[in-house]
Amino acid sequence: MNDPDLIDQLRAVLGDVAPDLDVSAVATDADLRNDIGLDSMDFLNFVIAVSKRLKVAIPEADYRQVATLDMCARYLRQHGVSQAPA
Amino acid sequence: MSDFLMPSLGADMEKGKVVEWLKRPGERIARGDIVAVVETQKGAFEIEVFEEGVIAEIVVPVGAVVPVGAVLARIGGVGAPVKPAAPAAPPTRPAAPSPPLPPPRPTVVPLPAGERLRISPAAARRALELGVDVRSLTGSGPQGAIGIADVEVAAKKGARAPTERRGFDPAAMRQAIAAAMARSKREIPHYYLARSIDVTRTVEWLKGENARREVESRLLPGALLLKASALALRIVPELNGFWTDGAPRLSPAIHVGWAISLRGGGLMAPAIHDADKLTLDQAMAALRDLVTRARTARIRGSEMMDPTVTVTSLGERGADSVFGVIYPPQLAIIGFGAPREVASVVAGELKVRTTIHATLSGDHRASDGAVGGRLLAAIDQNLQNPESL
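Top line first, the protein sequences correspond to chains A and B. With the first letter of the first sequence counted as 1, position 67 gets the number 67 in this note's numbering; the numbers rise by one all the way through. With the first letter of the second sequence counted as 1, position 195 gets the number 1195 in this note's numbering; the numbers rise by one all the way through.
Hints listed in this document are in silico derivations from the structure and should not be mistaken for laboratory results. Note that beta-carbon positions come from the ideal geometry of N, C-alpha and C, so glycine has one too. Do not take every clue at face value.
Computed footprint of chain A on chain B, listed as stretches where at least three residues anywhere in the stretch have a Cβ under 8 angstroms from a Cβ of chain A [as the list claims (entries may be wrong)]:
| # | region |
| --- | --- |
| 1 | 1215-1224 |
| 2 | 1285-1297 |
| 3 | 1314-1320 |
Hey, can you work out the whole structure from these sequences and the hints?
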């Protein structure tokens, strides 16, 4: 299914924007806002960090498509991310 | 020579513990320098000085608990005599409930003590550098020993232990909130007002603005709510300030305490100073900075000391409205519920509009409902012109 390396990259990003969160315990299908408890600022910081790290522009209108780690990985692959850069 | 005192970081604080001195006797200090870290029931805070000079003497050693107003250090002019640092306080009760203080900024995870873990010394060092929680690792070496490679792979996978907020104890935080809120409800006769504000234009404007902006300069609705509230308090200053000695004392400066919910439990409302003077971009940057520092316990003492009003915004996933409890000795708390699409009558016609419930809890000793109503009307008006915020 999803590239595990990409999910790991996303987990690392999540750990940067929410240092008080145990990212290894975040399920890949958990809603980052509703289930994990990111507020709008944390979520925006997550989107910024993902866009920068993986060099994919994520317009605000697409935020709903990156609601979970799985969805985010799928979105990134659809937008040309094949191999996550180290 | 002047005294550097244990500050009052809110109405609910009686005492604080010095957990770190960042300046030494003889060291020069400038206004705004962080000189100490103090732990309260709400966690650890960075304490600044508001004068220039030299640390002449450190009076209270690390580890000591002293009441608000106690002299922590003496500050002299440049060239003043300097006393050597006081020794660290002897541990009074070794079983004290306060958790050990993790070192600041770089995420460093202490290796588990007393647990037998097969890990090479080099790997252990690397784990410390990378902040990897080795307890979660399975080693690939002989008998499951953890090597450097295992640590580095884990670091890439983000197997980093969560950073605990310095000095944060959820039970103590609960006590602090309990004390402040009980005092508020005991002493402050609240009045409550609500106004449904049509934010259709505001939301559209924000959408257009964010579509044009790079991701890192996008705005959140919170920045607009912050600015609209701060500007409204200029028009209705009667709600900005404190109730002290049986009378309202209004503040010329508008320092908005922004309520931040903490994931470990509890909340805090540190100040965004002079929020009315910030541009929207500055307001957004200030919010981002404040939320980030609240999550990692790097809020400054001054931010806890001087909010002149509180704003609580529930965000788009929140409830419809919130009637806040005033944080003493402030005079008011402004609340925003989640924006919702509702059927609304506009010029005699039924339309779908996005609205938000703005509420005000006011101290009835200091003001009356008519004043509060003017504040909500001013917020409404400000939100109708987002481009001029």
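(request) Of all the hints given earlier, name the ones this structure violates by number, lowest first. (result) none
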